Amino acid sequence: MFKKILFATSATNACDHAARVAFDMARRYNAHIDAFHVIGVPTRGFSQVVVDLTTGEQVALDDNYRDLVKEEIRAYYDHQIKPSMDCAIEVAVGEAHREILRLARRTQPDIIVMGGSTGATGAYAARRNITGSTFQQVAKAAHCPVMVINRPAGSFWGGFSNIVFGTDFSESADTAFAFAFDLAKTFDCELLLLHALDITGCQINTLHSQDDIDDQIRKARQQMRFRYISKMRDFKNYEVDVWEGIPFVEIVKYAREKHADLIVMGHHTRKKTGDGEGALGSVAEQVILRANCPVISINRPIPR
Amino acid sequence: MMMKKILIIEDDPAVSDYLKTFFEDNGYNAFTAMTAQGGYDLAKQEHPDLITLDIELPDEWGPRFYRKLAADKSLKNTPVIVISGLSGNKYAITKAVASLSKPFDRDELLKIVKETIG
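In order, the protein sequences belong to chains A and B.
Heads up, our numbering is the position in the first sequence plus 6, with the first residue counted as 1.
Heads up, our numbering is the position in the second sequence plus 43, with the first residue counted as 1.
Everything labelled a hint here was simulated from the structure, so no lab data went into it.
Keep in mind it's a predicted model, so treat the numbers as computed, not measured.
C-beta: ideal position from N, C-alpha, C; glycine also.
Heads up, a few of these hints could be off.
As the list claims (entries may be wrong) - To give a feel for the contact side, a few chain B residues facing chain A, derived at Cβ under 8 Å:
1) Pro101
2) Trp104
3) Gly105
4) Pro106
5) Arg110
6) Ala113
7) Asp115
8) Ser117
9) Leu129
10) Gly131
11) Tyr134
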């Protein structure tokens, strides 16, 4: 399933945890890995003068500089790149998310692996606050699953064996389920299916009665059976749960409680209610930022 | 009174020996394992009162070891102290009684051990 990994990196310690997971996956699953770094943004248009995102300095870009950066990246990950590993270092110039997506379109990786926040400062970071960070833009638009490891604690697992699949019964959740199920079968994992029932919408004087909530939980469990369990045939290593609360909190809590080593979710998990599909603060993005394990978000069906 | 037992799971022999001597000098019965599997087997056999756990082990990562421990009824309430040099280690096992970064302060460690198991 993971034969080709695109690891997008700032090549700084902000991506060390993502690197730990990416290189571990490459070794574990015998995959080709492209470590990809976007050097910086041209000062304007097709200018050869580029603001290096790592150093914040303006540099004249030529092949020498590219080679130098590649060399530096190889040295930085030297202890993680095993001699037997099929690893290539790629660099490019431009807006990070756009270049990552461009390379992904060209090389068609099975998965993009990246860190959550690079902790960038200065003008670039200020602009990013408006447009959304790189991982948000990549996760929103990518054609393949995107794995984000935002917190160092998410990188201390080594492989996958307990997968949490978070669903809101949307179409993109169905896509995510297909991927999570494939993953669970392929790597012989336990699949933990969770629906987090959103009870935050209620006002103080219109609190749902517990009977209402329990009814909704029962309905959600039926949905789970209908949408997912029925498709799993003889796969028995699963658990189904419905927890009520604030969805992202419940998913993060559930993953922690179950010692999950991976969470899989659809990215635009909100149904078409017109409330800012994929906007900042969507459930998937909050889970990505907070989880104690890697999170894979999926946008669209994965071609088989 | 029976001496309290501490299991040290640590792959670096220098740290492991240091901890063993340190705990023994302070009146505990300490034993060591270099791997997660070895640690688990020893825990099953000895039922230690406390475990110190490194995050990065040769065969498995600390959180995965803890998951196995937590799934075992007879071991799940064993207090665990994480001792690791990795950044962010205090978030790795949220149910650990404490997380210490290497190099750690031995007085602080002893204080935590005393508070936890006496």
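Going through the hints against the structure:
| no. | hint | result |
| --- | --- | --- |
| 1 | Pro101 | 11 Å, violated |
| 2 | Trp104 | 5 Å, holds |
| 3 | Gly105 | 6 Å, holds |
| 4 | Pro106 | 5 Å, holds |
| 5 | Arg110 | 4 Å, holds |
| 6 | Ala113 | 7 Å, holds |
| 7 | Asp115 | 13 Å, violated |
| 8 | Ser117 | 18 Å, violated |
| 9 | Leu129 | 7 Å, holds |
| 10 | Gly131 | 3 Å, holds |
| 11 | Tyr134 | 4 Å, holds |
The structure shown violates the earlier hints numbered 1, 7 and 8.
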